[in-house]
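A.B. asks: Each protein sequence line maps, in turn, to chains A and B.
In this text, residue positions in the first sequence follow this note's numbering: the first is 232, and each later residue adds one.
In this text, residue positions in the second sequence follow this note's numbering: the first is -12, and each later residue adds one.
Among the clues, some could well be false.
One-sided and incomplete, this derived list gives chain A residues near chain B with beta-carbon spacing under 8 Å [what the hints assert, rightly or not]:
1) R322
2) K337
3) W367
4) C414
5) T418
The hints are simulated quantities; they were obtained by calculation from the structure and are not laboratory data.
Each residue gets a CB set at the ideal place from its N, CA and C atoms; glycine is no exception.
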Amino acid sequence: MAGIKKAIVVGPGAGGTSKEMEIGKVAEYIHKIVTRREFLQVTGAVGLGAATFYLIGCGGSSSESVAPRQVFVANAQGMLVAEPSRCVGCRRCELACSEYNDGVSKPSIARIKVGRNFNVGPQDATTGFGRGEGIWGNHRIVQDVCHQCPHPVPCQLACPNGAIEVVPPVNARVVNAAKCRGCGICTKACPWAMTSLNGPVDGASTKATKCSLCNGDPECARMCPVGALKYVPWQNVTKDFPPRQVVPASIQLAADVKDTCDKCH
Amino acid sequence: MGGWTGKVLRVDLTTGVISKESTDKYKPYLGGTGLAYKVLWDEVPPGTDAWDPANRIIFGVGPLTGTGAPLSGRVSVTSLWPMHPESLPATGHMGGHWGPELKYAGYDSLIIQGKAASPVWIYIKDDVVEIRDAGKMWGNGIYRANAEIMNIMGPEAHVAAIGQCGENLVRGSNVMCDRSHSAGGVGSVMGSKNLKAIGIIGTGALKVEASKSAWKDLVHYQHTILGANSGGVVPNTLQSWQPDGYYGGTRWTAAKGLFWGAASPPVETGDCTADDLNSIGLRTFKGYADFGPGVGDKHTVKIQGCHGCPIRCHIATDVPALEQLGVSRYQVNTCNGNSSGSGFTIGITSRSENNITASQYGVALCDDFGWWSDYGLAQADFKWLAQHVLTAEECTAAGIDPVNAGKTPYQYRLTAAEYAKLPWAKFTGSDFVGKMDFVKAVMIQIKDNRMADGTPATWEKMQAGQPATLGAYIAVGAGRLEKLWPELAIQHQENKATPSAINYVKMGHIKHHFTESSDTVQAAALLNMMYNRDPMCHTHTNYTGNGLPLALQNEIFNELFGPFEGGNAIDAELAAPDFLPTPMNKAKAVFAKMCFLYMELHNSLTLCNYTLPGWASPLKSRNYRGERNLEAMMYSAVTGDAKTAQQLEDTGLRILTLFRADTARRMNEKDMRNKHDLMPEYAFHAHSGAGTLDHADWEVAKDMFYEECGWDKTTGLPTQATYDRLGLSDVAAVMAGAGLLP
Chain A
232 MAGIKKAIVV
242 GPGAGGTSKE
252 MEIGKVAEYI
262 HKIVTRREFL
272 QVTGAVGLGA
282 ATFYLIGCGG
292 SSSESVAPRQ
302 VFVANAQGML
312 VAEPSRCVGC
322 RRCELACSEY
332 NDGVSKPSIA
342 RIKVGRNFNV
352 GPQDATTGFG
362 RGEGIWGNHR
372 IVQDVCHQCP
382 HPVPCQLACP
392 NGAIEVVPPV
402 NARVVNAAKC
412 RGCGICTKAC
422 PWAMTSLNGP
432 VDGASTKATK
442 CSLCNGDPEC
452 ARMCPVGALK
462 YVPWQNVTKD
472 FPPRQVVPAS
482 IQLAADVKDT
492 CDKCH
Chain B
-12 MGGWTGKVLR
-2 VDLTTGVISK
8 ESTDKYKPYL
18 GGTGLAYKVL
28 WDEVPPGTDA
38 WDPANRIIFG
48 VGPLTGTGAP
58 LSGRVSVTSL
68 WPMHPESLPA
78 TGHMGGHWGP
88 ELKYAGYDSL
98 IIQGKAASPV
108 WIYIKDDVVE
118 IRDAGKMWGN
128 GIYRANAEIM
138 NIMGPEAHVA
148 AIGQCGENLV
158 RGSNVMCDRS
168 HSAGGVGSVM
178 GSKNLKAIGI
188 IGTGALKVEA
198 SKSAWKDLVH
208 YQHTILGANS
218 GGVVPNTLQS
228 WQPDGYYGGT
238 RWTAAKGLFW
248 GAASPPVETG
258 DCTADDLNSI
268 GLRTFKGYAD
278 FGPGVGDKHT
288 VKIQGCHGCP
298 IRCHIATDVP
308 ALEQLGVSRY
318 QVNTCNGNSS
328 GSGFTIGITS
338 RSENNITASQ
348 YGVALCDDFG
358 WWSDYGLAQA
368 DFKWLAQHVL
378 TAEECTAAGI
388 DPVNAGKTPY
398 QYRLTAAEYA
408 KLPWAKFTGS
418 DFVGKMDFVK
428 AVMIQIKDNR
438 MADGTPATWE
448 KMQAGQPATL
458 GAYIAVGAGR
468 LEKLWPELAI
478 QHQENKATPS
488 AINYVKMGHI
498 KHHFTESSDT
508 VQAAALLNMM
518 YNRDPMCHTH
528 TNYTGNGLPL
538 ALQNEIFNEL
548 FGPFEGGNAI
558 DAELAAPDFL
568 PTPMNKAKAV
578 FAKMCFLYME
588 LHNSLTLCNY
598 TLPGWASPLK
608 SRNYRGERNL
618 EAMMYSAVTG
628 DAKTAQQLED
638 TGLRILTLFR
648 ADTARRMNEK
658 DMRNKHDLMP
668 EYAFHAHSGA
678 GTLDHADWEV
688 AKDMFYEECG
698 WDKTTGLPTQ
708 ATYDRLGLSD
718 VAAVMAGAGL
728 LP
């Protein structure tokens, strides 16, 4: 995991380049969860400047009386890297994910997503059919994996219930099922559409699913019969992958989150 | 219970009624072929024609389909068989992702009956099932149907569709899903029902009864047992990591320095050691094995396959030369599908650039038109009819005026105008593009399926002596054509001059892993006599082709199913033309029975009979022993209904026995032994590359096999006691009423 601590990158800024934080001052905080108070102290000390990212959150849930909102700045320790040239489209990764995490065979909630790119690649059928990727195109099958976004984490900041948390020691962004109410906002907030619901929106027992990295030993990578998935030290690849969906304008930053952001940005 | 969703979906295209019924009735038959045999038995009366609206087409999946049980992506498509002259029941088998998607949508199988007034397709999105207009798609190929339905449902939809062949009632037509996966022979049943396609999106869950950790351990265990496609448990060539010298004859063809050359970047298949479960999918390098070194590896993008399967067997290619021929450079198929179109050519050097180009050009046409080659019989017959010059004696034997000696059958049988419609100079010429023009011309005639006067071809018109196009005579299928053209019937029986080694078996169908499987001649012959199409059974060859030495193969089989006295199940493999197998014995009878039972179990659970059983493994630490209980372990863990291997084998026998009863009932035949279980005469004569049956020994083989199954030796029909033991007393009552109890 060498190299992770050096790559604490926030930004890019409104008109500038990425900016590295002062490692010495934040290293002790970077791998653990910090409360808003701690967050303010640290970020205030180093002066983050204006980070522009998808300003997403939840509309209409602002309240003066809510408890201080947890904010996470720790980067993940590891990440999944997928190799489309190797992927044979068997989707055993999706099965391993849902069966070993949820106890059911249900690719639609898998935290790695291959089936949706299987036929024609990430394009729709009109533009993709026969000319793009997938089995109807050049046989290239793209496996979509969670990038374990650096702060600000889109799904986490969008969640009105604070149900997406950073869980040490791997620091994956993980759904806390006890807090999740199945509203589905996170599924719209992720630019790569990597979160799913296991039931109808707002269903009584509906919970969101997203990649937890299986505590550092991802089942999907263990299962892949062609070695097309690797678990590697984290790096920020969020700028390397085009978004799959446009985050709706209706999703706005919740006041309790926004207040926090305003303190340091 | 886990695995099953609990609901079977039924669509009546005549009434438009869509219903969902309980699966419980079908659970003793698991799913797949078992469920379908039960539906045909209960609902489709004897005498029904394959194209009658009363016929059912059943897309059968089972309790394991769609779960993480490895190799569980299969669908059995069962119906009364249009290729069969008497419309007896049979099954086409397709893989891909369509079957699992049906399960995720919430259905344990799909039964379709009736006939729509105009072309339709079926839309299935979880609970929402609708019959929709297919007027825009009708007349177009399978590719267009996929594109249209993906536009409507979304790019994640899985589509099973027929092409023009199915629409135009070409008997050798298929339904295809996920581009390269086809269920042969049943396309025209959909066409006869005005059903173009079935599109599915399923987002639901399948329950696995075992705990997460127990299930994970079991799946891991099964992965350790698996070898390569077709059951190979040792590599084809000796690898550095192999402690012993066992090798040869398997599809485990990966090697260091051997690449999927058309991948970007190229992917090395590598060592693929037996303990590396992250390279199982690289072991079977079928592109290299089938198209040859320097050609197959160069054009392979990857090895595709079915949902949930770590063993890959469909060759995804990139052949840029195809663009000069007007089709996509990217194609995918496997085995016989790769020679469906190119089978209409001669003079192309095997394992050459032209060979792979011709192969993939044929794939592009056949898989869009939805043509099924009857496992290659259509092209073998075509080549004989096009090339064999009739002698005066052959003319006389076939009732043809000997003045026609010197002509080929096509020259004699087709009208001069019809014969001249095909560019024969391109067929015999050396120009490659010309050869492809000929393939295209034949394929278009087949899919159009017309009489010479341009009207739709029918068997009745042919029987009345009306001339047809060459394509229509292919489309009608071998079983009917040989009734029309006696010289073909003689050729089928004697097999004297066909360019391929051995082809026809009986009743309109081809052999499949027949006596050329010369280490299990009697078992292979028994398999080929049983079904109403080629048997599509690989249990025998997957075991005997596993690459282990003969002595070890027999040792393992005896441990699992024996002990046996009086001889082994598996003979030494000999290619000598006069090879006579060792005499039939108890071990061979049990081997044959197990081959049947596990095929029926695989097609019902569903699991893949193109790789399983797992009776051997690649693990030296287990002394290459596999796991007889794999199927039972998977079934028990998923459903929670604990069954031993022996109990599950009885379920397999129940399924096979029901199939047997249904076949006899539809034939109204008590003497199944002599009227159904036929062998072509050539199987008793020496043939290159095949074992030879002996008449007396073959009778013993049938005796011993019937006895193993609990069937009567005289008639070959199941006995009352066997029906009762298998929970089929109601079937016995019907058979008794029809005078078909032995």
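A.B. asks: Decide, hint by hint, whether the structure agrees.
C.D. replies: Results for each hint:
1. R322: 6 Å, holds
2. K337: 4 Å, holds
3. W367: 6 Å, holds
4. C414: 18 Å, violated
5. T418: 13 Å, violated
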